[in-house]
Amino acid sequence: MIKNNLKNLAVLLFMFTAACKEGEQTKYTSNLLFPQGDKNTNSNFKGDVWVKSLVDPDSLNENAVGNVTFAAGARSNWHTHPAGQILLVTEGVGYYQEKGKAKIVLRKGDSIKCPPNLAHWHGASPDTSFVQIAITGRQHGPTKWLEPVSDADYRN
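For the sequence shown, the numbering used here begins at 4 and goes up steadily by one.
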């Protein structure tokens with residue numbers, strides 16, 4: 004019964020959000036599962052990126068959950084997560100790369116487990132926006148941001 008109520012609530016929230024934005028279409032995606040959020044203003048990303056916090060970590064659950072929208076060509080810097088991260092792709096085409104490994108192409112429905120303390124980056128392909136749900140463990144500390152991804156690394 005609770006499962007059905009949660010499902011119904013999710014459908015209602017989606018319909019409410021869609022109704023509030025009727026006639027309004029974002030420049031980058033047309034069928035967002037969650038709100039696009041606020042435009043990022045820090046130097047941890049290159050290009051236009053929007054972040055919407057969905058679940059903040061607390062004493063009951065130390066995971067942060069956020070919706071991240073990357074405009075075409077936008078990407079994160081290299082970074083690590085002390086407790087790891089899970090990415091769920093909800094829209095578009097993007098990339099994920101771990102330091103020393105080949106870049107992986109991601110599409111709607113894909114998921115990635117980022118191991119703890121492993122340098123990686125993720126972002127949109129050059130010509131398509133990319134939307135992900137990021138589930139990040141916070142129990143061992145915050146994300147550690149590293150250097151920007153070079154244009155050569157992004158292209159290869």
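Careful, some of the hints might be misleading.
[Said to hold, decoys possible] Listed next, the in silico DSS-like pairs over lysine-lysine satisfying Cα-Cα at most 30 Å (straight line):
| hint | residue 1 | residue 2 |
| --- | --- | --- |
| 1 | K106 | K147 |
| 2 | K102 | K42 |
| 3 | K55 | K102 |
| 4 | K111 | K42 |
| 5 | K102 | K49 |
| 6 | K106 | K42 |
| 7 | K104 | K49 |
| 8 | K55 | K147 |
| 9 | K104 | K116 |
| 10 | K116 | K42 |
| 11 | K116 | K102 |
| 12 | K49 | K116 |
| 13 | K106 | K49 |
| 14 | K55 | K111 |
| 15 | K49 | K147 |
| 16 | K147 | K42 |
| 17 | K49 | K111 |
| 18 | K102 | K147 |
| 19 | K55 | K116 |
| 20 | K55 | K42 |
| 21 | K116 | K106 |
| 22 | K147 | K116 |
| 23 | K147 | K111 |
| 24 | K55 | K106 |
| 25 | K104 | K147 |
[Claimed, not checked] Distance ranges between label pairs, derived from CB positions:
| hint | residue 1 | residue 2 | range |
| --- | --- | --- | --- |
| 26 | G87 | N159 | 20 to 30 Å |
| 27 | S114 | N34 | 17 to 27 Å |
| 28 | L63 | K102 | 12 to 22 Å |
I should point out that these hints are in silico values taken from the structure, not numbers from a laboratory.
Where a beta carbon is used, it is the ideal one built from N, C-alpha and C, also for glycine.
Each hint tested on the structure:
1. K106 with K147: holds, 20 Å
2. K102 with K42: holds, 27 Å
3. K55 with K102: holds, 27 Å
4. K111 with K42: holds, 22 Å
5. K102 with K49: holds, 18 Å
6. K106 with K42: holds, 26 Å
7. K104 with K49: holds, 21 Å
8. K55 with K147: Answer holds: K55 to K147 is near 19 Å, not above 30 Å.
9. K104 with K116: holds, 15 Å
10. K116 with K42: holds, 25 Å
11. K116 with K102: holds, 14 Å
12. K49 with K116: holds, 22 Å
13. K106 with K49: holds, 17 Å
14. K55 with K111: holds, 18 Å
15. K49 with K147: holds, 16 Å
16. K147 with K42: With a Cα-Cα distance of about 20 Å, the restraint between K147 and K42 holds, given a limit of 30 Å.
17. K49 with K111: Satisfied, since the Cα-Cα distance of roughly 22 Å is no more than 30 Å.
18. K102 with K147: holds, 14 Å
19. K55 with K116: With a Cα-Cα distance of about 20 Å, the restraint between K55 and K116 holds, given a limit of 30 Å.
20. K55 with K42: holds, 9 Å
21. K116 with K106: Measuring from Cα to Cα gives roughly 14 Å; hence the hint holds.
22. K147 with K116: holds, 17 Å
23. K147 with K111: holds, 27 Å
24. K55 with K106: holds, 25 Å
25. K104 with K147: holds, 20 Å
26. G87 with N159: 20 to 30 Å: Between G87 and N159, where Cβ atoms are some 25 Å apart, the hint holds.
27. S114 with N34: 17 to 27 Å: Check passed, 19 Å falls within 17 to 27 Å.
28. L63 with K102: 12 to 22 Å: Between L63 and K102, where Cβ atoms are some 33 Å apart, the hint is violated.
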